[in-house]
Each structure stands twice: as C-alpha cells, then as structure tokens.
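Participant: The hints should help you fit chain D onto chain L, whose structure is shown.
Those protein sequence lines, which keep their order, are chains L and D.
Note that the UniProt record's numbering has the first sequence beginning at 1, numbered continuously upward.
Note that the UniProt record's numbering has the second sequence beginning at 1, numbered continuously upward.
If you are wondering where the hints come from, they were derived from the structure by calculation, not from laboratory data.
Just to be clear, a hint being listed does not mean it is correct.
One copy or two, it doesn't matter: identical chains are merged, so the pair holds either way.
Unchecked claim - In silico SDA-like links for lysine to any residue, alpha-carbon gap of 20 Å or less:
| no. | residue 1 | residue 2 |
| --- | --- | --- |
| 1 | Lys134 | Leu124 |
| 2 | Lys69 | Pro90 |
| 3 | Lys199 | Asp51 |
| 4 | Lys134 | Arg123 |
| 5 | Lys134 | His118 |
| 6 | Lys134 | Glu230 |
| 7 | Lys147 | Ala121 |
| 8 | Lys161 | Thr57 |
Keep in mind the model is a prediction, meaning the values are calculated, not measured.
Protein chains: 2
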Amino acid sequence: MAAYELHYWPGLQGRGEFVRLALEEAGVAYRDVAKEGSEGEASVIVATGLDDPGMATPPFAPPFLRHGKRVIGQTAAILLYLGDRHGLAPKSETGRLWTHQLQLTIADAVSEAHDTHHPIASRLYYEDQKPEAKRRAEDFCRYRMPKFLGWFETVLDRNPKGRGHLVGARVTYAELSLFQLVSGLTYAFPKASRTALRKAPKVAALTKAVAARPRIAAYLASERRIPFNEYGIFRHYPELDP
Amino acid sequence: MAAYELHYWPGLQGRGEFVRLALEEAGVAYRDVAKEGSEGEASVIVATGLDDPGMATPPFAPPFLRHGKRVIGQTAAILLYLGDRHGLAPKSETGRLWTHQLQLTIADAVSEAHDTHHPIASRLYYEDQKPEAKRRAEDFCRYRMPKFLGWFETVLDRNPKGRGHLVGARVTYAELSLFQLVSGLTYAFPKASRTALRKAPKVAALTKAVAARPRIAAYLASERRIPFNEYGIFRHYPELDP
Chain L
1 MAAYELHYWP GLQGRGEFVR LALEEAGVAY RDVAKEGSEG EASVIVATGL DDPGMATPPF
61 APPFLRHGKR VIGQTAAILL YLGDRHGLAP KSETGRLWTH QLQLTIADAV SEAHDTHHPI
121 ASRLYYEDQK PEAKRRAEDF CRYRMPKFLG WFETVLDRNP KGRGHLVGAR VTYAELSLFQ
181 LVSGLTYAFP KASRTALRKA PKVAALTKAV AARPRIAAYL ASERRIPFNE YGIFRHYPEL
241 DP
Chain D
1 MAAYELHYWP GLQGRGEFVR LALEEAGVAY RDVAKEGSEG EASVIVATGL DDPGMATPPF
61 APPFLRHGKR VIGQTAAILL YLGDRHGLAP KSETGRLWTH QLQLTIADAV SEAHDTHHPI
121 ASRLYYEDQK PEAKRRAEDF CRYRMPKFLG WFETVLDRNP KGRGHLVGAR VTYAELSLFQ
181 LVSGLTYAFP KASRTALRKA PKVAALTKAV AARPRIAAYL ASERRIPFNE YGIFRHYPEL
241 DP
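If we strip away everything but chain L, and leave its shape as in the complex, we get (with noise of 0.2 Å):
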C-alpha cells in the first residue's frame, strides 16, 4: 500500500504534530504535504483535499491522513488506525480503548490548552481577545493543568504492569502525544508548568524518556520538527504566565 500522506497547515505543529510523532516513532515513511512548496501551495493542497466532491468521506479539518484510498481525519482516530498497524497500542480491546481513552483527555487538554489564548472565537486573533485569553489561562493554569497532570500521574501510578508507562510495558500513541502536551505547555507556560510538574514527577520523567527515544530524539534534532511558535496551539505569551 502507498506510503501515508498527513495533510495539515503549513509552518506550525498543531494537532499535526501529534500524528508526526506516531509515524516517526513507527519508523514509517510518509509525505508530509504542508511541507511541499511554499506555504501558500501547501495551504492550497490541505483546502484542496477539503473541498474535494468525489471524496465521499471528507475531513472536517486538517490534520488527516490518506493511506491508499483512505481518508482518516480526527487526530485520535488517525492514532487509533496508526496504533494497530505498528504496535503503539496494545492489542487486546481493553488495551486499545484504554490507550484511545487516555488520547482523548489529551485531546481535551489540548483543546483547552489552545482556548486559553483564543478563548472566544479561533476565527479572530488573540489580540482581538486579550482580556478573556488572561482570565482563561489564569483558571486554566491554576486549576485545569494541574488536574490534567494529576490524573496522568495517577494514571502512571496505577499501571500494574510497567514502571514509568501509561498503559502495559510499552510504549503507545498516547504516550508520545503526553509528551508532545507536556512540551507545549512547557513552551507555552514555563512558570505554571514548573509548578504543575513538581506535583507530576512521574509525568517529567516520562516526558524525558520520550524524547530520549532514538527515533524521537533523532525527529526532534532534525529539521522536520517545526519548532513552537506563536501560530500553533501552545504560544508563549508571557503575560497568560505571570
């Protein structure tokens, strides 16, 4: 079958990233399309694969993967269809859902992690929100991240099976995607973070072995991780982290 294809926007890592991650730590070839040409051309390749009437199962946005003549939009659901194919999930049901269902709270924290900058609408821009962005982000790094974190630190606590993992004794999808939240909320808030992860050891810790994966370590040193940015959905603005 043809190599996969990630359509998502140019020049951030968004929930792109997270599918990024899954097929570098499988060690798969793909086409990363926002890549290709220029950033406009590329914009137009995602609108294109979008706007598509012969496509009978169009995505609601980007990120989405072709594979053959699939069309796999939603970042857990293109995990969920990544995990079976290359061992990051585990293969028994109760496995896979646990594993799907810990992206999804990721999912959530991410979702939330992006309203505390655009709190009212993603259509405007943050300087069109300002007021609301501070009040959000204030209740979100003082009582949501930590609770995030809390429950994934319960969650490593728990497993029966395997010291410093979130699901068994291997590594899976969410974990590289727990990862990917904890460096943006790192990026995005250095101090609230700080205090959160102090209360999350095992959650530092894991973030840590993630990245020191070869070839997440390799992916990460090279050119084709985009670095955070203020266009993505973890931005540094030093007045949401006072």
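Facilitator: Then chain D, alone, in the frame of chain L:
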C-alpha cells in the same frame, strides 16, 4: 456478562445522554447510577467510582461505563465499544473509523456549545462570565454552528450508500449523537439553529427520523429522558440567542 452501568452526574443530560441514546437504541438493560437514590447520593456514587484507588484505569471524568470488569471513560470511546457490540457501527475497519470520526467531530461541536455559556471556566457560574459568553455565543451561532451542520449536510449528500444516513444504509451511534446535538442546539439557540438548519435540510430530516425510531421515541416519551435544563451542556439563555 453483567449489565451495563452508566456513571454520570445526576439531574442533567450532559455527555451521559449520548451513551443513554446508544443503550436505548440497542435495547439492552443498563443501570443509570445517577438516577438511583437522591441526587446527593448519586453524586457520591459517581465520585467513588472516580476516586477508587483500586481502579487501575480511572476515568478522568464522567460519563464512564462499567461492564463487568471493564471501566471505560470518554464518551466517544464508550460509543466505540457499544457500537461494536450492538450493531451501531459498521464492521469494516474503514466504516468503524469513519463513524468514530463523525462522533469525534460531534464531540468537538458539543464542547464548543458548552463553552458558549462557559468561555472562561467550567468551575465558575455562567453569571460570572456573561459578557464573555455573549461574545463567544455570537461567534458560535454565526460561524461555528453553521459550519458544523453544513459539514454533516455534506456528509449526508455524499454518502453513496444510504439516503438519509450518515454511514452506509443503517443507523449508527454517530447518527444518534447528531440527533442529540441538533436537539440540544435547537433547545439552546432556537433562533440561530432555525437559521442554520434551513441550510441543512438533510440534517433536520435525519434528526426527525431518529426521534421517530421506535426505541428512541419510547425513550424520549419516558421519564428516563431528563428534560433539557440550565445545568447541562445545552442551556437556553435568551440573551445568547438574540
């Protein structure tokens, strides 16, 4: 295996309702723990489920489903599980993933609908975030609701196999969930939803068709269906639908 046990907050439809609709359409027995005893007691039962240190896979938040030894959190993951068991999703991998992708997009729309009245913090009252809510609801009604409903209309248009169905030629859990989303939007935003649904006639027709399915109709007419109210996700605040 033991019957299903749904754990959710008492007194509101919330995200639990998506699970209830699937269980009702499947025609299976289930305990709805929130409806047993007083609301206070039910809350305690929910909390105990979450705080039980013996639970190796603790859900982050309700709803969660207990089925024998299994504990499954996250609405979309619960529906993935029930869909396989009760013919509420196709058996093919492609069909299962597409149904799940629809569900995940519904979940995104549900979160955005919730945030119209809680754009700053779920922890605070609506009364503490009214100006922000007004801005967010305006954007939601004007841009996001039509975009989501328009996408589902496109999906209905392009389904090669079934007139009036989202996936193939049979009902799926995603269809039950779309019914719930549209019902909720109609309750919360009677004016804005009327405008949006006028441009999504197939979505409107599907909503009616789901409501008329024998088991769903019986459920909606029963005391088991909690009425929409201002504790749930879909709240009718007239000032947000001017």
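Participant: With reference to the structure, classify each hint as holding or not holding.
Facilitator: Verification of the hints:
1. Lys134 <-> Leu124: both (16 Å within a copy, 15 Å between copies)
2. Lys69 <-> Pro90: Intra 26 Å, inter 18 Å, cutoff 20 Å: inter-copy only.
3. Lys199 <-> Asp51: Between copies only: 18 Å across chains, 46 Å inside a chain, cut-off 20 Å.
4. Lys134 <-> Arg123: Both: 18 Å inside a chain and 16 Å across chains, each within 20 Å.
5. Lys134 <-> His118: Both: 10 Å inside a copy, 15 Å across copies.
6. Lys134 <-> Glu230: Only inside one copy: Lys134 and Glu230 sit 16 Å apart there, 26 Å across copies, limit 20 Å.
7. Lys147 <-> Ala121: Only across copies: Lys147 and Ala121 sit 13 Å apart there, 24 Å inside one copy, limit 20 Å.
8. Lys161 <-> Thr57: between (39 Å within a copy, 12 Å between copies)
Consistency note: the structure conflicts with none of the earlier hints.
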